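Residue numbers (this note's numbering), protein chains in the order written: chain H, 1 to 261; chain Y, 1 to 342.
Derived from the structure by calculation, the hints contain no laboratory data.
Just so it is clear, the structure is predicted and the values come from calculations on it, not from any experiment.
Ideal placement from N, C-alpha and C gives every residue a C-beta, glycine not left out.
Some hints could be false.
What the hints assert, rightly or not - Residues on chain Y that point at chain H, a partial pick, calculated with CB under 8 Å: (1) 73; (2) 77; (3) 80; (4) 95; (5) 122; (6) 126; (7) 127; (8) 155.
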Amino acid sequence: MHYLRLFLTYLKLGLLAELEYRANFWIQLVQTAMELALALGGLAVVFRHTGDLGGWRPAELLALLGVYFLIGGLIRTMVRPSMQKFMEDIRKGTLDFTLTKPADAQVLVSIQRFELWKITDVGVGIALLAIALGRLSDSVGPLQAAMFGLTLLSGGLIVYSVWLILATFSFWFVKVENILVIFMTMYEAARWPVTIYPPWLRWILTFLIPVAFATTVPAQAVTGRMDPTTLGIAAGMAGILLVVSRAFWLYGLRFYSGASA
Amino acid sequence: MASPVIQVHDLRKIYMVGEREAGVLAAVRSLVRRRTRAIRAVDGITFHVDAGEIVGFLGPNGAGKTTTLKMLAGLLHPTEGDARVLGFRPWERDREYLRRMTLVMGQRNQLIWDIPVVDSFELNRAIYNIPPEAYRQTVEELVALLELGPLLHKPVRNLSLGERMKCEIAASLLHRPRVLFLDEPTIGLDVTMQRRIRGFVAEYNRRTGATVLLTSHYMADVEALCRRVIVIHHGVLLFDGALEALVERFSPFKLITVELADLPARDLSAYGQVVRQDEGTVTLRVPKAITPEVTGRLLADLEVLDLTVQDPPIEEVIEQVFAQPEETTLATGNGELRPELL
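If we strip away everything but chain Y, and leave its shape as in the complex, we get (with noise of 0.2 Å):
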């Protein structure tokens, strides 16, 4: 078997961070001496990815995701621990593992503001020397997944945020690379353009094989486009496995809906716990283990229209994952438990 292409072994990095009180007096004071404090904004993670894989990488803001990231994409030196990603260690900036990999901020641009696109594109095919005949098969086939036609000719400037996110995607992806890191791709963008970018990443793993991490906050991103899900909270790692592992894991409720006939709605309260009450529906929330007792019980004692029983939303998930005191012992994708928290 092939050995993973992303490797990372107890990875640490601990910022010094300036630190001053307010006031102008401490602001003249820290010209001179600055008080620094230290940051374990990643803190020993542990975890390896696979060719072709997708793994979608979770966590509050502040959690370590983009620390872990650049340090993927070897902009940062860990302070501790090592990583190895196509067998290059990221770090020292190799020119072939740059020139295999990319990265893409959801937040930052690359593309020249007043020139055309496709002029910004001409520089990277400069900068990573592609062959004019490769650089023209992967612009086109860029160009159709993308729909980028009628925006090649346009200044970055005139174009909407969406179509600007699909351009720097293109943009870092002229050379080809064998891995994509990719944070908060689709901040920002309407719902459509999410889609359109989610679909796009689907289909740029499926024909190309590359290795995709992926930071997000919408939920969405991840349902449609990670089997995997790597789960951090103060630089460590919480969970790693299938995504419904972890809501089976995260969320031992269910929430059972149920329409009633006699309005206006009762209180239902004895039940289980109501999450939402409107004209005549009802939803509550109830243990896992008791789901099937509760459900016997509202048919029973009600005049029930209509019932579901259906898995909190996966948002509800993961915010109950990161309400956990950060000593919770938690499974690795084996279900095994770290060893240091038993």
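Looking at chain H on its own, in the form it has when it is part of the complex (with noise of 0.2 Å):
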């Protein structure tokens, strides 16, 4: 409850925050249609050459699109700007006022800066994924729905769970801004099904940077191509990282107490 009521004043800080500059929003409205008409392009180009890809047909690999902007965008609103200030505090030393608040650091790090504009990438991923889901009506059921909740929401876990350890790495390291860049190249590779990869950057993509799971994974449960054994994978992975990140900023927080002047 008290962690809910401190999520939402965060929202609105951030609401107001961007209020502040408001050509932000048209600048972000312009960038995301141009990324939104570069991924389409690349579909387009892909398929003037062949009906289907790595077995994904054009609606399945659109709804794999937009999944693709929704977790995009849910990383580039919540979770990227309060790593961002996480790092920032740390080197400016005014993490120490997160760590003398009477509250959970770890929430107070991960939900403390909004790039709301951003969320236009969040509104793309679900209008691409409804008219995906609309040409793909005879094969999604209640079951497949479910599942793609399910796999959406391990794979947000999964991403958070990696951005929190990579951003925990700042404790040792103060600036390591440039792993959370790979990391977002990392992502852009996951807007095509990693089952067209070579399988050493598969691998790569599945457990190294796990953002297979925030991308193939739901756009296989919407279309029709999950089985159990994958649904149970990706659940326990989100379980495993999000126990293992924890741990780790744990850790990293005793590193800091115990040496930071």
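Two independent chains are provided; combine them into the complex using the hints.
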């Protein structure tokens, strides 16, 4: 309850801050439109040459693109801004303010900043999904919808945990923005189903930087190609990473308060 | 009698810091292996502070003040020793403890840059779970005391440094903490604003009975607020006691200022060390013990228009304290000598 209210307060403050710079909204809209055009153009190019890509039909890839925009938008709206603020706070020493507050520091750090205009990506993602689902209506029932929701949630938690782990490194190295850039690059790769990549890259995208769970797996669920094993792996992976990232965070925090000036 | 609010016992903090020689090659080498060196930032200090006291924490840069404050605020684990604040061990960061204390850092801001001050206050209200009625009352009180009225609805980025500091302080006090750690709260502010903030701290202490531990480089802050000071240097406690006692103890000199009739002023170095010499006015530094005698001689020998005897300014006294070699033995507040230094 307390944390829900905190979340809403931060959300409100994020909105207020964004309203201070209204031009950003239009810039963001243009940026999203360009990304969308580029992504759709890519799809068009591929399907001019072939009717299906590694077993994925056009409407199914559209669904995948929808998930890609949706999760990407959530990262850019909530996760990335908060983690960037966190790293900035470490560098400037203002993390001290967070740590002297009577609330869980991980929660405070994770919800402390929103870039609300990036929500346009989320909107585009939902729209793409809706269009794709309209074309795929024959293969999507309530079961698929439920699996989709579950895998999407797992994917979201996995991505959050990975970000937290990467950001936590800044307790030691202070500047780790570059790692986060690597993550976003890897995420770009996840706009295509991981099944089309060579095995080694598929392995990396599934287990090392598990972006596959954020895009390919939910798209599999919604296009009716999901088997229960994959669902189990996704949920298990989310649970494990949540625990691991929490433990790593706490360890980093102990290091911070043990060593920083 | 109630037990002290802050109890610090033999607290130590040793940092391991990375070290490398200058140059690109050394920098690259340090990517792989870092050489470290131990810095004894706080080297065994013991003191306690009673409820409602305002204690000035003095020391030059790097003396260990901020490190001590951070340990007491629960941000750092000590390497050795123990401390209790309000009965809590700070670095265990018990929520109940965090709810009752606050840390203000003059050099750092917690207010959100792009939004109005009052919205940042709202955030702290949500974090500390302050009931609406209490919140309204506290804000009202702080607004009146700090004259925040016109500032509340301005974005933080539009405030001057002094205005921002006032708002920072208010934001840190919304939850009505019982213990305040103020780390250079007046740094960089103009004299008027410094005075205003000083006045506020005194008033807040008077009204709420909160305990205040304050560091500052401005002696005026300390003189105005703190009857008791704790001096640390090289991580060691040098002095703990009344401010006057500090002056008494560390300044065996008086300053005699004489205004002479016969211009230009003559050489008076025979009477004492000449500190300043303007048109007809000379200031001498004279050992305390012989001050009456020197004063008498000055009056007898010269045509004196005016003569004043003063204690040296507190800054000068402090400077002298810090000029002491590390091993100098010094007294605690009761005038006892620290046993390990005897």
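Each hint, compared with the structure:
no. : hint : in the structure
1   : 73   : holds (6 Å)
2   : 77   : holds (5 Å)
3   : 80   : violated (13 Å)
4   : 95   : holds (4 Å)
5   : 122  : holds (6 Å)
6   : 126  : holds (4 Å)
7   : 127  : holds (5 Å)
8   : 155  : holds (7 Å)
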